[in-house]
Amino acid sequence: MPELPEVETVVRNLRNGATTTLALPGRRIQSAELLWERTLAEPTAPLFYGAIAGQRVIAVDRRAKFIVIRLDVDTLLVHLRMSGDLRVENQQEELLPHDRALILFEDGTRLVFNDARKFGRIWLVRDSGTVLGGLGPEPLEDSFTPGEFHRKLQSTRRQIKPLLLDQSFLAGLGNIYTDEALFMARIHPHTASDSLSAQQAAQLLQAIRAVLQEGIRRNGASIDWVYRGGDFQNHFAVYQRTGEPCTVCGTPIQRIVVGQRGTHFCPHCQVFTDSNPTNITN
DNA sequence: CACGAGACCTGTTCGC
DNA sequence: TGCGAACAGGTCTCGT
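Mapping of the first sequence onto my numbering: residues 94 to 375, in sequence order.
For the record, the hints were derived by calculation from the structure and aren't laboratory data. Built from N, CA and C at the ideal position, the CB exists for glycine as well.
Distance ranges between label pairs, derived from CB positions:
id, residue 1, residue 2, range
1, Cys342, Arg131, 43 to 51 Å
2, Ala291, Asn109, 38 to 46 Å
3, Val350, Leu195, 33 to 41 Å
4, Leu140, Pro338, 54 to 62 Å
5, Met175, Gly226, 17 to 25 Å
6, Val341, Asp367, 18 to 26 Å
List of simulated lysine to aspartate or glutamate pairs, EDC-like, C-alpha gap at most 20 Å:
id, residue 1, residue 2
7, Lys245, Asp287
8, Lys211, Asp192
9, Lys211, Glu135
10, Lys245, Asp235
11, Lys245, Asp259
Using the sequences and the hints, build the whole thing.
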């Protein structure tokens, strides 16, 4: 579910407070409680309970789709996977269905991890690099240049759609924003990454940034029952628009499966080409 | 190395 | 109405 823009929205809400949650920084932890044990990826439950008590929340940040909650000594990492969510509320509130873990604060509030599908995970680690170390570059960082992107695309011959979903290649994209970005850049999801020209790579990076930024601006996308605050779902060009007219040319949007993920594209705007003339000049 | 299948889970929607 | 199948924003592991 949540992809980079949804995670960024959750992070901003936790950092500053919102209608859906109190702000997190500054609160001191009294204790923790796991309602679904497997939510905790690391360390073991007894070590987790012992280590987290007494630590104070310093800051809330995002790396890829991870929520990074920096504490006095350790770092609490949360990955929402498909259906996770976080909220901060008073401890007197009723727990909700699918609440999986609680962090209780000394001031009578608590952080709650809710996750219907139980795929989400939390880590408490001294060094966040042990969990985040394998991630690829952040697409919105200015330091990640079109030239570097093109070089990375040339380094493999994988299909572009699964490649963009690979978090070790580029961090933060998920199924929605990948389909939207490939449409905006007019690139077919089957295209071999090393057949993209420098110009196409630059266009693709520009499209990735544009869809991510619009997603963040609209507080993410809420389909199904999660992330009801977002609005981006009303502005999809291709995602979940199978059979509906392309916003550019009117051709019905097509749904195929690529890398075992539902994939939406316009067969007229996004034409598959296996060879690329600019590639010959290498 | 690249890809596909299966696993992990629950809830909603679709088709008969 | 009921019921099973298909599908869902993610990632990991295993086999070819």
